[in-house]
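A.B. asks: Listed below are the residues making up each chain.
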Amino acid sequence: MSSKTQNQTKHLNFKRDGLISILLYSTPLILMFAYFSISGARPWLTAAPHSSDVKAPDWLELIFHNLSSWGFPVIILIVGIAELALGLYDKKWTKKEKLVDGISYFLPKVVVRPVVVFFTLQLLPVLLPALKDTLTWVPFWWAFFIIAVADDLTQYWYHRLHHQLPWLWRFHRTHHSASYMGMAMASRQNIIYTIFFSQTFLTTALVYLGLGYAALFVKVIKRCITLGAHSSIAWDKPFYKYKALQPIGWVLERLISTPATHQAHHADTDGDGVGHYKGNFGNMFFLWDIIFGTGIITRKYPTSFGIKHYKNEEWYAQILWPIFKSKIPGSELSKAGPMVGDDPLYNTALAGISRQHTNELASDLQAPDEPASPPQAVPVLELSQNS
Amino acid sequence: MTVQDGILIGKKILVGALLTVIPFLIYYFGLWAVAQLA
Numbered sequence: 001m002s003s004k005t006q007n008q009t010k011h012l013n014f015k016r017d018g019l020i021s022i023l024l025y026s027t028p029l030i031l032m033f034a035y036f037s038i039s040g041a042r043p044w045l046t047a048a049p050h051s052s053d054v055k056a057p058d059w060l061e062l063i064f065h066n067l068s069s070w071g072f073p074v075i076i077l078i079v080g081i082a083e084l085a086l087g088l089y090d091k092k093w094t095k096k097e098k099l100v101d102g103i104s105y106f107l108p109k110v111v112v113r114p115v116v117v118f119f120t121l122q123l124l125p126v127l128l129p130a131l132k133d134t135l136t137w138v139p140f141w142w143a144f145f146i147i148a149v150a151d152d153l154t155q156y157w158y159h160r161l162h163h164q165l166p167w168l169w170r171f172h173r174t175h176h177s178a179s180y181m182g183m184a185m186a187s188r189q190n191i192i193y194t195i196f197f198s199q200t201f202l203t204t205a206l207v208y209l210g211l212g213y214a215a216l217f218v219k220v221i222k223r224c225i226t227l228g229a230h231s232s233i234a235w236d237k238p239f240y241k242y243k244a245l246q247p248i249g250w251v252l253e254r255l256i257s258t259p260a261t262h263q264a265h266h267a268d269t270d271g272d273g274v275g276h277y278k279g280n281f282g283n284m285f286f287l288w289d290i291i292f293g294t295g296i297i298t299r300k301y302p303t304s305f306g307i308k309h310y311k312n313e314e315w316y317a318q319i320l321w322p323i324f325k326s327k328i329p330g331s332e333l334s335k336a337g338p339m340v341g342d343d344p345l346y347n348t349a350l351a352g353i354s355r356q357h358t359n360e361l362a363s364d365l366q367a368p369d370e371p372a373s374p375p376q377a378v379p380v381l382e383l384s385q386n387s
Numbered sequence: 001m002t003v004q005d006g007i008l009i010g011k012k013i014l015v016g017a018l019l020t021v022i023p024f025l026i027y028y029f030g031l032w033a034v035a036q037l038a
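Respectively, the protein sequence lines represent chains R and E. Everything in the first sequence is counted per this note's numbering, starting at 1 for the first residue and increasing by one. Everything in the second sequence is counted per this note's numbering, starting at 1 for the first residue and increasing by one.
In isolation and in its complexed conformation, chain R is listed as follows:
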C-alpha cells in the first residue's frame, strides 16, 4: 500500500469514527426525545429544579460528596499501601519516579484545578451569560447519562489523539514512562496534558448549564473505575477464573476499563498477544474501544510496563515539557530529540523515506517512457509509540 493510500485510510478511519462519535454523543438525546414523546412528560414546562425528578438519598449524596473531597485520597493511600505490601512495584519505584508521581499527584490538586475552575467560572458568565442553569429541567438520570457519555467519550478522543498523532505524543509520554502499574502512577501526567483536558472543560460547561448534580455522581464513579483499572491488584481475575462469574466478566470487560485491558495499554510491548499500547484507550468505558475497533481483550496481564526507550528523564522535563526540556541526549523530551523515540517502526519509517528518496532518484535516471517505481509505504501514524 502506498503512503498516500495508507494515510488516506487512516484519515478515513478518523472520519468514520468522528461520524460514529456524533451518533454516540446524540444517543442520550435521541432516547430522551423518544421517552418524552411516548410518555408525554414535559419537564421543561414546569421549570422545576433539576433534582426534582430523581434525587439520590441523602446518605448516598453524603458518600459521593465525601468521596470527591477526602475519600479518594484515603482510598488511594489504602490501596497504595496494599500494593507496596504485596511487592507489586518490584523495586521499580525509585526516588526519581516517586518525585514525578508525587508532583503529578499534588500539582493538579493544589494549583491546576483551582486555577482552571476559577478562570472557567469567571469566563463562562462572560461568554455565555444567558445560558446559566438553562438546562436544570433535565431529569437526573438523563443528565447522568449525558454527562457519562459526554465526559468519557471526549476523554477517549483526547487520549487516542495523543497516541495516534505523533506530534501530540510527548504531552502524554509521562503517563507511560512508569515501568509499574498502581495508585502511584494513576495521576502521573505532563502538566500541559492535564491543564487542557477537553472533558474537564466540557463537563464544567455542562455543569454551568445546570447538569452539575449528575456530574458529581458520574465523576465519582469514573474515578473509582479509572483508579481500579490502573491498580496493580488484578481485581478482575476472579471474573475470568470462576465459571459462575464469567458471564459477568464478559460484560464487564467490554463495558468498563479493567486491570487486564488497561495494563495491556501500559505494556512496553505490542502484538505479543498481551500488550496493546496501540489501543485500549478507554478510561471509564471500554465500550468505545469495542465500537471503534481499537481494543483487544486477552484476559492476560503484561509482565513489563513503560516505554522501551525511556531514558530516566529529569522530573521537570517529564512534568513541564516543552517549557523545560531534558538534558539527556536522544531523549524525546530533549531540545533536538526525536518526536517519537526508538520504536523500530520509527526506523522503518526513516528507511521508508530513504527508499522513497532513492526511488525518486532512480526514476530520474530511468528512460522517459519507463514507468517509475511506486513510492514505499511510510507508516506516519504508526510512529506513535506506546499508545
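Errors might be hidden in some of the hints.
[What the hints assert, rightly or not] So the derived list for chain E, only partly shown, Cβ under 7 Å to chain R, looks like this: (1) 19; (2) 30; (3) 34.
[As the list claims (entries may be wrong)] With a straight-line Cα cutoff of 25 Å, these simulated DMTMM-like cross-link-like pairs (lysine to aspartate or glutamate) come out: (4) R:311 to R:90; (5) E:12 to R:314; (6) R:311 to E:5; (7) R:327 to R:314; (8) R:327 to E:5; (9) R:335 to E:5.
Honestly, the hints are just simulated from the structure, not real lab data. The beta-carbon is built from N, C-alpha and C at its ideal position, and this holds for glycine as well.
Guided by the hints, dock chain E onto chain R, whose structure is given.
C.D. replies: Okay, now just chain E, sitting in the frame of chain R:
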C-alpha cells in the same frame, strides 16, 4: 521554550478546543431541540 514550542501548544489547544466545542454544541442545541419538538 521556543516559538516552535509555543506553536505546538497552540495547535494542541486548538485540537482540545474542538473536542470540547463539538459535543457542547450537540448537547446544547440537542436539548433545546428536545424541548421544542417532543
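A.B. asks: Give a verdict on every hint.
C.D. replies: Do the hints match the structure? See the list:
1. 19: holds (4 Å)
2. 30: Holds. Min distance 4 Å.
3. 34: Hint holds; residue 34 of chain E Cβ to chain R Cβ min 5 Å, cut 7 Å.
4. R:311 to R:90: holds (19 Å)
5. E:12 to R:314: Given pair residue 12 of chain E, residue 314 of chain R holds - Cα atoms ~23 Å apart, limit 25 Å.
6. R:311 to E:5: Cα-Cα ~21 Å, so holds.
7. R:327 to R:314: holds (8 Å)
8. R:327 to E:5: Answer holds: residue 327 of chain R to residue 5 of chain E is near 16 Å, not above 25 Å.
9. R:335 to E:5: The hint holds at about 10 Å.
Comparing the model with each numbered hint stated earlier shows that all of them hold.
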